[in-house]
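Chemist: Sequence:
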Amino acid sequence: MRNLAILAVILAAATSWTPAQRPNVVLFFIDDLGWADLGCYGSTFYSTPHLDALAKSGVRFTDAYSACPVCSPTRAALMTGKYPQRCGITQWIPPGSDRHLDAAEATLGEAFLAAGYRTGYIGKWHLGERDADHPRHHGFPWTFAVNRAGQPSSYYFPYKRKPGKRGVMTKNGKKFTVWDVPDLANGKDGDYLTDRLTDAALRFITAKGAAQKPFMLCFAHYAIHTPIQPPPALVPGYQQKAARLGPAPKPIPGTFGTTSRARQDHAKYAAMMENLDHNVGRVLEALRKNGLSKDTIVVFASDNGGLCNLRKRPGPTCNLPMRSGKGWTYEGGIRVPFIVSWPGKIEPSVSMEPSITMDIYPTLLDLCGLASRPKQHLDGVSLRPALDGKAGVQGRALGWSYPHGHGSGHRPSAAWRKDGWKLVRFERSGLTELFHLAEDAGETVNLADRHPERVVRMSKELDAWLGATAAK
1 MRNLAILAVI LAAATSWTPA QRPNVVLFFI DDLGWADLGC YGSTFYSTPH LDALAKSGVR
61 FTDAYSACPV CSPTRAALMT GKYPQRCGIT QWIPPGSDRH LDAAEATLGE AFLAAGYRTG
121 YIGKWHLGER DADHPRHHGF PWTFAVNRAG QPSSYYFPYK RKPGKRGVMT KNGKKFTVWD
181 VPDLANGKDG DYLTDRLTDA ALRFITAKGA AQKPFMLCFA HYAIHTPIQP PPALVPGYQQ
241 KAARLGPAPK PIPGTFGTTS RARQDHAKYA AMMENLDHNV GRVLEALRKN GLSKDTIVVF
301 ASDNGGLCNL RKRPGPTCNL PMRSGKGWTY EGGIRVPFIV SWPGKIEPSV SMEPSITMDI
361 YPTLLDLCGL ASRPKQHLDG VSLRPALDGK AGVQGRALGW SYPHGHGSGH RPSAAWRKDG
421 WKLVRFERSG LTELFHLAED AGETVNLADR HPERVVRMSK ELDAWLGATA AK
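So in our numbering, spot 57 of the sequence shown is number 57, and the numbers just go up one at a time.
The hints are simulated quantities; they were obtained by calculation from the structure and are not laboratory data.
Every residue gets a Cβ at the ideal spot worked out from N, C-alpha and C, and that includes glycine.
Take these hints with a grain of salt, some might be off.
Ranges of calculated distance between the beta carbons of each label pair, as one might list FRET restraints [said to hold, decoys possible]:
id : residue 1 : residue 2 : range
1  : Asp102    : Thr170    : 21 to 27 angstroms
2  : Gly42     : Arg288    : 23 to 29 angstroms
3  : Lys460    : His404    : 30 to 36 angstroms
4  : Asp102    : Ala397    : 25 to 31 angstroms
5  : Lys162    : Glu439    : 18 to 24 angstroms
6  : Thr62     : Asp449    : 43 to 49 angstroms
Start from the sequences, fold in the hints, and give me the full structure.
Modeler: Shown next as structure tokens:
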């Protein structure tokens with residue numbers, strides 16, 4: 001008993017740091033980044049050396065998922081640790097909508113702010129258009145370049161578009177669109193949005209007096225969402241690379257008459273990827289130069305899968321071997337890159353532990369020695385065991401509800417993953433599919449007719465989950 005008591009004291013001391021001793025956090029949350037878009041996940045067309053190095057320095061998750069195949073719901077899940085339908089956000093928020101993240105939600109930012117952290121938010125928010133919905137009111141007093149919509153007007157200075165019929169707002173007598181990116185008035189032709197956001201991140205990390213408090217920075221890049229507008233100088237090299245691949249293969253036919261890009265060969269998308277990777281590298285280098293690498297947890301994730309289909313037109317990327325992409329509850333729409341690095345504290349490895357967006361909240365609290373908030377992050381679990389090379393939650397099931405159509409051609413669906421199996425059910429068409437992900441991660445063989453009893457069982461579990469989480 002005495003040894004157990006001593007062990008308890010040691011473990012408590014290991015995680016009960018004073019505020020000044022707690023680690024910093026940089027959370028990169030990328031827009032529309034597909035599972036196969038990084039070299040460390042298999043891409044040979046895109047160049048991502050800095051992200052590949054980050055993966056080698058930490059834990060790369062192979063079976064990580066976004067909470068939804070589109071942005072706003074997943075971002076609600078990131079902030080709250082809850083399935084997005086619990087927050088009443090099941091679809092991306094269009095211009096003019098009154099949908100927003102409720103002020104009563106205790107967010108990830110608020111948890112870190114209450115713990116004495118200096119918190120900051122850069123980039124895409126997409127959780128409400130009103131001033132009251134801004135991240136500064138959700139735990140991030142310092143913000144930069146947060147617009148009111150789901151994408152930027154442009155990646156090129158001045159990052160605006162002329163007000164038209166949609167998305168027009170007025171402030172101080174001036175009209176602007178919800179897509180315009182603020183805080184960037186001082187610039188010049190040729191200034192690129194992803195570079196400018198990173199400039200701001202470096203200022204936040206190295207701010208005068210910053211060492212007095214640990215910091216938590218949520219860096220939500222607009223890249224690599226449309227419009228596909230890369231730095232022009234990077235494009236020719238990928239055009240040449242694509243030409244060396246030979247003629248493009250025919251698009252892949254998909255569900256409901258859709259088609260998907262059959263290989264990664266989009267030069268402009270690849271150029272945007274290279275610039276994104278370069279800018280992640282700039283942040284990592286700033287941490288190193290300022291002696292912060294060993295004191296900073298770096299998390300890298302995406303809000304949904306890559307955009308590979310637009311109904312009957314291929315999108316700009318390819319998610320193979322995963323099926324389909326953004327907007328779908330197939331693996332290509334919800335399986336995403338996920339990397340956690342903390343040099344000296346987390347041993348580099350590859351984890352096959354299934355995880356989902358809501359897990360980021362409790363995992364960061366756990367790693368930083370902060371009290372968990374189980375009444376808030378209801379659906380997330382700490383991934384600390386997986387990061388320590390141990391087994392995680394046994395028999396954990398994951399669910400998805402996307403009860404809307406989408407520009408990709410998707411029709412309302414729900415999905416359920418458990419014990420290596422996955423059920424995908426299109427709610428209005430009657431199509432139900434069953435896949436054994438352990439042997440068929442690409443969801444190429446529908447086993448529903450061969451395992452009717454499993455379909456019935458998993459359908460009942462899916463229905464129970466939909467009811468319990470108030471899915472609409």
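Chemist: Hints first: check each against the structure and report whether it holds.
Modeler: Quick rundown of the hints versus the structure:
For the pair aspartate 102 and threonine 170, the beta carbons lie near 25 angstroms from each other, so the given range of 21 to 27 angstroms is met. Restraint check, glycine 42 to arginine 288: a C-beta distance of roughly 27 angstroms satisfies the suggested window 23 to 29 angstroms. For lysine 460 and histidine 404, the Cβ-Cβ distance of about 24 angstroms falls outside the hinted range of 30 to 36 angstroms, so the restraint is violated. Taken as a hint, the range 25 to 31 angstroms holds for the pair aspartate 102 and alanine 397, whose Cβ atoms sit roughly 26 angstroms apart.
For lysine 162 paired with glutamate 439, a C-beta distance near 52 angstroms fails the hint of 18 to 24 angstroms. Look at threonine 62 against aspartate 449: about 29 angstroms separates their beta carbons, and that is not inside 43 to 49 angstroms.
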